[in-house]
Amino acid sequence: MSAPSVDWRNRFGRAWITSVRDQDGSNNCWAFATTALVEAEVRIDHLLWSSRSEGDMVHGVGKQSWDLGNIGEAITFVEKNGLADPDCFPFGVAAALYTAQESNQSVTFLSPTPDRQGRTVRLAAQASVSLTDPALKKQHIDQVGPMATIITPPVDFGFLGSGVYVPTTTVLGPAHALLVVGYDDPGRYWIVKNSIGTGWGAQGFGKISYDANLLEPAGFAGLLPGTTNPDPWCRRRMRNGALIQGSNGAARNNFELFVRRGMNIEHWYRENSTAAFTWNLVGNVRSADPWRDTFHDDALDGAAAVQSSFNRNYELVYRSTFGQMRHVFFNQASGWWEDGTLFGPGNPIGIAGFVQSNRGAPGDFEAVVVDSSGIAHHWSKHNSFPWTMAPGTWYDRGVVASNVVSGGPGLVQSKLGRSGLPENGTGELHYVCAQTDGQLHHYRLDTSGWTHLTSFGAGADSAPCLIEGTYGAHDEIGVGNFELCVAVGGTIEHWWRYNAGLGPWTRSAVFGTGVRRVIALIQSTFATDLEIIVENQNGIYQHWWRDGAGWHPGPTI
Amino acid sequence: MEDGERTTQPATIGELRQRLRSLGEPWTVPARFSDDDPVPDLPPQPVDPGHIKGLRAVNTREEFDAILRGAPPANPFLAARWRELGAAVPGTAEGTGTPEPGQDVPEWGVG
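Residue numbers (this note's numbering), protein chains in the order written: chain A, 27 to 583; chain B, 432 to 542.
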């Protein structure tokens, strides 16, 4: 029995639908409706906001802005090729010769960025269904999520403002694709998301009366639960440190953890599709190829991890016996760990702040490394054009802060300072560290360089871990809150900052005992729970997580 | 207005507004359109009723239920909805069970 009314714009107390777009007079409504469908299903499957590109879909299926299309061919394209984000290839009405294959050496402005493979949401085969029975459509919308459809509305449809649409004429206009985000049986209407801007209907959403009989005979396309496989690029702000929520496992959301034991970095994973949630050891981080086995038994401290847009590779940075930070990566194509390079200041301490930033595509690697004098240095490595330094070269970008207690995963590529989508190199880097005065200090890198924003807390004697989560963001564009966990005197403090309003830092919880430092923080797909990995004073690693009832200790690892 | 007049197209937004008033239909035209704006005479592109081409067509509740049984949601709120409907959903929430929809912290407002 389907619910009498469903509205995915606000269901279960949360928003699930991405922002309203504008197809800019093109004939690509079919791509906009299908892209909106993929974005909604990623949000529902993974509680993750994701922005996808209608341009990638239009040109990927071999069409232009003036071409009509079909939701079926669009979904088939995503099943075969994935769907990239607007920074990989944006929507535009200009003609483009395009292939969804990576462009490799022959990069032109008509090609996707070379890292398309690492920044696409993928769909499982047979991910979709087509329904025509209105009762089944409502069942799908209630039990699974929104559906895309194509209808032939009368010519007055484009002028809907407020209210429930009933045609005033039988003269038909062009066929048009929409995303059906809900229905209301008492009011006898469907709720649809259009793609002609926010001036149509109520901020881009409209109500269509059952009496109009427009949607009832139409085919609806839906994606089945658990069929979306999001890329690490859309998760990048929601995690930091040694823990990654990747796309392995039956539910495509396993945890991957990298911890130091002895002089090695160990790779662990947690299978998240089973209720047992057991942690399993994969093995040491070292190459299986004897000719590449150049790094092991050299880790002096824990690793900072990134799952990059290089084909979803794992990238690790850790303090090496060679006196600098070492960068190594897991090549998903070969299945081997490979050596990157040594970089950064001499005599580093602690864990690096390490992210893949918005500059270029693939985005640059950015690291903040603290040396034994307490100076935090910013180092970068270009991964793409424009090359101001030689490819593969890490280079020193100056000092972030002094009197820093230790290095930690406190660096974030924020949405703050971003001008919209595509992000295209905009957005600020933020870094939070503990300094010798016992306070946590918050720094920002904008066009004028690193500046001190504020300080908060007291007694901090370890490096914090920082993420930009989704609390505070109503859609994929909104800026989420900063969330920070830090060990203070053996306990863990959780702090947050309301970024949309540039609010102050607020401490929300103190918990745990015997904790040395926090080495990882993520906002997970488990109802957007916060999850941390701590290193206890006895050297044991432990998992903690927070749901609506507060923080809970998980198992030791 | 006679229902037969629905077979004609209003030429302008002013005529559309007049028609909405006379029919008593429950919607309005945004104020940004002036009464003199034309309602464009667009060539119709009718869609054949029926399934979306290229996708798996499902016609019966039995068939659809069987497909859904093989694809339980990981989303804890949807899983709770499925359980409300009597479906068996594997527990994939952290802790001892799936949180109730209202149990989690709000997604916006507080950290």
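Bear in mind the hints are in silico, worked out from the structure with no lab data behind them.
Note that the structure is predicted; figures quoted are calculated from it, not measured.
Ideal Cβ placement from N, Cα and C applies to all residues, glycine included.
Heads up, some of the hints might be wrong.
[What the hints assert, rightly or not] Rough simulated footprint, nothing fancy, chain B against chain A, three-plus residues with beta-carbon under 8 Å:
#1 146–155
#2 195–202
#3 248–256
Here is what the structure says about each hint:
no. : hint    : result
1   : 146–155 : holds (count 3)
2   : 195–202 : holds (count 7)
3   : 248–256 : holds (count 4)
This entry satisfies every hint, going by the numbered hints stated previously.
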